[in-house]
Amino acid sequence: MSHIDMLKDPAFKRSLENKIVAHINTEYMKAGMSPPLPKFRNDVATYDEANVTKLAKRIRVGIVLLAQTLDEARKDKGGENA
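Just so we're aligned: the sequence shown equals residues 482 to 563 in the numbering used here.
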(Lines of atoms letter the chains of each structure in order from A; the text may use other names.)
(Lines give C-alpha, C1' and ligand atoms only; values in the text may rest on other atoms or scores of the structure.)
Protein backbone atom coordinates (compact mmCIF):
# COMPACT_ATOMS: atom_id res chain seq x y z
CA MET A 482 0.00 0.00 0.00
CA SER A 483 1.39 3.39 -0.94
CA HIS A 484 1.67 6.22 1.54
CA ILE A 485 -0.87 8.24 -0.46
CA ASP A 486 -3.30 5.32 -0.22
CA MET A 487 -2.76 5.21 3.54
CA LEU A 488 -3.88 8.85 3.74
CA LYS A 489 -7.21 7.81 2.21
CA ASP A 490 -7.89 5.22 4.93
CA PRO A 491 -10.51 6.71 7.32
CA ALA A 492 -8.92 5.28 10.48
CA PHE A 493 -5.46 6.52 9.47
CA LYS A 494 -6.88 9.91 8.52
CA ARG A 495 -8.60 10.23 11.93
CA SER A 496 -5.33 9.35 13.64
CA LEU A 497 -3.49 12.08 11.70
CA GLU A 498 -6.20 14.64 12.47
CA ASN A 499 -5.92 13.81 16.17
CA LYS A 500 -2.16 14.32 15.98
CA ILE A 501 -2.65 17.69 14.24
CA VAL A 502 -5.07 18.80 16.96
CA ALA A 503 -2.69 17.60 19.68
CA HIS A 504 0.22 19.47 18.07
CA ILE A 505 -1.77 22.72 17.85
CA ASN A 506 -2.91 22.33 21.46
CA THR A 507 0.66 21.72 22.64
CA GLU A 508 2.00 24.78 20.85
CA TYR A 509 -0.73 27.00 22.31
CA MET A 510 -0.11 25.67 25.83
CA LYS A 511 3.67 26.16 25.47
CA ALA A 512 2.93 29.80 24.64
CA GLY A 513 0.76 30.10 27.76
CA MET A 514 -2.44 30.45 25.76
CA SER A 515 -5.69 28.51 25.83
CA PRO A 516 -5.83 26.13 22.87
CA PRO A 517 -8.62 26.65 20.35
CA LEU A 518 -11.43 24.13 20.23
CA PRO A 519 -11.62 22.15 17.00
CA LYS A 520 -14.84 21.23 15.27
CA PHE A 521 -14.78 18.01 13.29
CA ARG A 522 -16.49 17.94 9.91
CA ASN A 523 -16.09 14.75 7.87
CA ASP A 524 -13.27 13.70 10.21
CA VAL A 525 -11.34 16.91 9.47
CA ALA A 526 -10.61 19.37 12.28
CA THR A 527 -11.68 22.94 11.59
CA TYR A 528 -11.31 26.01 13.76
CA ASP A 529 -13.18 29.28 14.11
CA GLU A 530 -9.89 31.18 14.00
CA ALA A 531 -8.62 31.59 10.45
CA ASN A 532 -4.94 31.49 11.41
CA VAL A 533 -5.35 28.14 13.18
CA THR A 534 -7.28 26.68 10.24
CA LYS A 535 -4.49 27.89 7.96
CA LEU A 536 -1.89 26.17 10.16
CA ALA A 537 -3.83 22.88 10.12
CA LYS A 538 -4.10 23.06 6.32
CA ARG A 539 -0.36 23.67 6.01
CA ILE A 540 0.35 20.64 8.18
CA ARG A 541 -1.95 18.52 5.99
CA VAL A 542 -0.19 19.74 2.83
CA GLY A 543 3.14 18.82 4.41
CA ILE A 544 1.85 15.35 5.16
CA VAL A 545 0.73 14.86 1.55
CA LEU A 546 4.07 16.12 0.22
CA LEU A 547 5.93 13.74 2.52
CA ALA A 548 3.73 10.82 1.43
CA GLN A 549 4.34 11.63 -2.24
CA THR A 550 8.09 11.89 -1.68
CA LEU A 551 8.21 8.58 0.18
CA ASP A 552 6.21 6.88 -2.59
CA GLU A 553 8.56 8.29 -5.23
CA ALA A 554 11.61 7.14 -3.25
CA ARG A 555 10.11 3.65 -2.97
CA LYS A 556 9.58 3.52 -6.75
CA ASP A 557 13.14 4.72 -7.38
CA LYS A 558 14.46 1.88 -5.21
CA GLY A 559 12.63 -0.73 -7.21
CA GLY A 560 9.04 -1.15 -6.25
CA GLU A 561 6.45 -1.50 -3.56
CA ASN A 562 8.52 -3.59 -1.15
CA ALA A 563 11.81 -1.75 -1.54
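One or more of the hints may lead you astray.
Claimed, not checked - Pairs of lysine-lysine residues, derived as DSS-like cross-links and limited to a Cα-Cα distance of at most 27 Å, are as follows: (1) K489 - K511; (2) K538 - K558; (3) K494 - K556; (4) K556 - K535; (5) K556 - K511; (6) K558 - K511; (7) K556 - K520; (8) K494 - K535; (9) K500 - K489; (10) K535 - K558; (11) K538 - K494; (12) K511 - K538; (13) K520 - K558; (14) K538 - K489; (15) K535 - K520; (16) K500 - K520; (17) K558 - K489; (18) K489 - K556; (19) K500 - K511.
Because the hints were derived from the structure by calculation, they are not lab data. Remember, it's a predicted structure, so these values are computed and weren't measured experimentally.
Is K538 close enough to K489, meaning Cα to Cα at most 27 Å? holds, 16 Å
Holds or violated: K520 to K558, with C-alpha atoms at most 27 Å apart: violated, 41 Å
Hinted pair K556 and K535, Cα distance within 27 Å: Violated. K556 to K535 sits at ~32 Å, over the 27 Å cutoff.
Is the hinted pair K494 and K556 satisfied, with a Cα-Cα distance of at most 27 Å? holds, 23 Å
Would you check the hint for K489 and K556, treating anything up to 27 Å between C-alpha atoms as holding? With Cα atoms ~20 Å apart, K489 and K556 stay inside 27 Å; holds.
Pair hint K558 and K489, alpha-carbon separation not exceeding 27 Å: OK: K558 and K489 at ~24 Å, within 27 Å.
Given the hinted pair K489 and K511, is their Cα-Cα distance within 27 Å? violated, 32 Å
Straight-line alpha-carbon gap K500 to K489, limit 27 Å: Holds, at roughly 16 Å.
Check the hint pairing K558 with K511 against an upper bound of 27 Å on the C-alpha distance. violated, 41 Å
Straight-line Cα separation of K535 and K558 no greater than 27 Å? violated, 35 Å
Would you check the hint for K500 and K511, treating anything up to 27 Å between C-alpha atoms as holding? holds, 16 Å
Straight-line Cα separation of K538 and K494 no greater than 27 Å? Roughly 14 Å between the alpha carbons, so the hint for K538 and K494 holds.
Against the hints set out earlier in the document, violations occur for numbers 1, 2, 4, 5, 6, 7, 10, 13.
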